[in-house]
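Here the protein sequences come in this chain order: Z and H. Residue numbering for the first sequence follows my numbering, beginning at 1 and increasing consecutively. Residue numbering for the second sequence follows my numbering, beginning at 1 and increasing consecutively.
Keep in mind the hints are simulated off the structure, nothing from the lab. Be aware that one or more of the hints could be misleading.
Here are the simulated EDC-like cross-link-like pairs (lysine to aspartate or glutamate), alpha carbons at most 20 Å apart as the crow flies [said to hold, decoys possible]: (1) Lys66(H) - Asp105(Z); (2) Lys80(Z) - Asp171(H); (3) Lys366(H) - Asp56(Z); (4) Lys117(H) - Asp56(Z).
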Amino acid sequence: MKTQVLKIADKTFHSRLFLGTGKYGSNSEMEKATLASASELVTVALKRIDTTTDTDTILTHLQHPHINLLPNTSGARNSKEAIFAAQLAREALETNWLKLEIHPDPKYLLPDPIETLKATEELVKQGFIVLPYIHADPVLCKRLEEVGTSAVMPLGSPIGTNKGLRTIDFLEIIIENSKVPVIVDAGIGSPSDAAKAMEIGADAVLVNTAIAVNGNPEQMAIAFKKAVYAGRLAYEAKLGAITDNANASSPLTAFLLD
Amino acid sequence: MSFINTYQQYNWDNVKKVIYNTTDRQVKQSLSQSNRTLTDFLHLISPAATPYLEEMAQCSQQLTQKRFGKTISLYAPMYLSNECNNICTYCGFSLDNKIKRKTLTAKEIEQEVSIIKSQGYDSILLVTGEANHIVNLQYFKQSITQIKQSFSSISIEVQPLKENEYKELADIGVYAVLVYQETYHQEVYKQYHPKGKKSNFEYRLDTPDRIGKSGIHKIGLGVLLGLEDWRVDSFFNALHIDYLQRTYWQTKYSVSFPRLRPAEGVIEPNFIMEDRDLIQLICAYRLWNEDLEISISTRESELLRNNVFKLGATTMSAGSKTNPGGYSVDEDSLEQFEICDNRNTTEIYNLIKTAGYDPVWKDWDKTFYQQ
């Protein structure tokens with residue numbers, strides 16, 4: 001059974017699992033895991049790419065027709081740096097898609113909401129398809145929508161922590177109110193976290209550490225692929241309501257049936 | 001406010017007492033924490049923690065892989081000059097060491113760069129002594145401007161500079177500045193650095209604050225292991241990093257572990273640090289601070305380097321020359337210290353690769369400063 005196709009800007013995706021490309025023990029390991037995941041959108045850090053050559057070692061492992069590249073601005077500390085990085089990425093990777101990452105704090109890599117909003121507004125004007133990495137901040141999501149973002153990428157928990165959906169209450173508000181696709185990014189540590197994100201209605205998830213750093217990245221990629229599919233399928237089937245009590249009888253209104 | 005205020009609240013002998021009186025129970029407790037404080041770091045570098053080395057190493061490996069992945073960044077040092085007006089009794093470049101002095105010219109720099117580039121490097125560390133009349137801001141700016149098209153990341157390990165000088169260097173593309181306190185023991189520091197600008201302990205101690213204020217992306221710290229008790233010195237180094245991380249929160253930090261190595265005309269270390277001590281220290285740093293970059297130079301032996309990158313290190317050099325012109329221009333000029341791991345870059349690259357790690361040449365981009 002197929003799940004609904006995801007549309008972001010001008011592209012459609014059959015897989016709702018997006019991947020990062022960092023932290024793998026080798027590029028061929030990264031390639032294998034990426035192929036096994038069936039992901040159609042992978043993000044690459046501009047700072048890791050050698051833009052002076054056509055044979056960059058990371059990019060050559062991602063040359064598959066179904067894989068779209070999503071360059072990111074990791075390393076940028078403010079909107080100015082991010083915009084420069086975006087322009088270079090567009091030129092080097094020949095795509096106007098961009099994962100906007102502005103984290104002035106190198107410790108937890110937490111995104112700067114003010115600079116991110118500023119950069120999104122400018123980059124949209126310059127014709128970029130912007131997918132900004134942000135806190136799970138519902139108001140910021142609406143502000144980003146207003147300046148033309150193509151999706152939002154709120155974090156589940158601090159990046160690389162594998163802590164799962166610690167921001168779930170805010171993710172639910174974002175999903176409820178969003179007009180653009182919501183991609184839960186960062187902190188997803190296990191396939192069950194990914195499934196949960198899909199069950200609550202996220203449009204996609206982006207996973208890196210949990211797949212790249214473990215005993216068998218390829219196998220883990222398959223586990224995530226299935227979890228994302230299962231979660232989405234469940235969401236589309238509409239989950240039953242959760243209640244605190246069993247409600248087999250209706251003590252207060254049973255008299256109406258007498 | 002600067003680190004000096006924090007530093008003055010601690011007393012060397014008291015810190016030493018606490019480290020050496022750490023109990024087995026305290027070590028176990030620190031090991032079981034998920035977020036560790038400086039006190040935990042102190043417990044983990046204590047003699048009481050030595051029976052837990054394997055446990056620490058496994059935890060360190062796991063934390064390092066989670067944060068940095070299975071990657072090791074590679075860089076090459078390039079010594080620009082061995083001119084120096086300081087007397088540092090352990091250093092080959094010391095003023096009183098009567099050797100031929102050399103400072104690379106633009107043409108020589110070009111020649112050295114082409115060798116380093118041909119080995120694959122994209123990150124370079126420029127090193128000098130302290131000779132402000134020749135090797136000064138103007139020289140740095142010229143040299144950096146000359147080579148910046150060739151490297152994505154340029155770091156410097158030179159004499160302490162002023163805040164505005166760091167700012168100028170940040171603006172033209174210096175990514176990181178390394179400055180080692182050598183020792184945090186003020187009196188011992190004075191004995192090892194009797195003459196020259198470097199003899200001013202407090203000015204040096206204040207240097208990372210000036211770098212932090214200048215907007216440089218990364219600051220590298222370290223102590224020269226062998227000058228004093230490594231445990232106490234390393235506690236102060238961690239205290240320094242802790243202070244800087246809280247104060248200059250937009251900056252990255254790295255730590256290096258220069259162990260005193262033989263050099264021309266220098267003294268034997270007063271304190272010997274064994275391999276297992278160094279491993280304990282590296283693991284303690286990682287268990288305390290998941291985000292710290294940990295760098296291992298070619299001062300260390302093949303055996304140690306064959307293993308250390310799997311249990312906490314994130315950055316390595318290879319095939320290094322520690323003399324100006326050492327790669328091609330003047331291979332016999334005086335070196336700062338003897339290299340212990342003499343394997344070339346390809347050998348180290350293959351070593352990392354064979355172990356299932358990704359050797360990374362490039363992890364920065366010029367675009368972040370070309371504004």
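To test your reading of the hints: which numbers does this structure violate? Going through the list in order, the structure violates no hint and respects every one.
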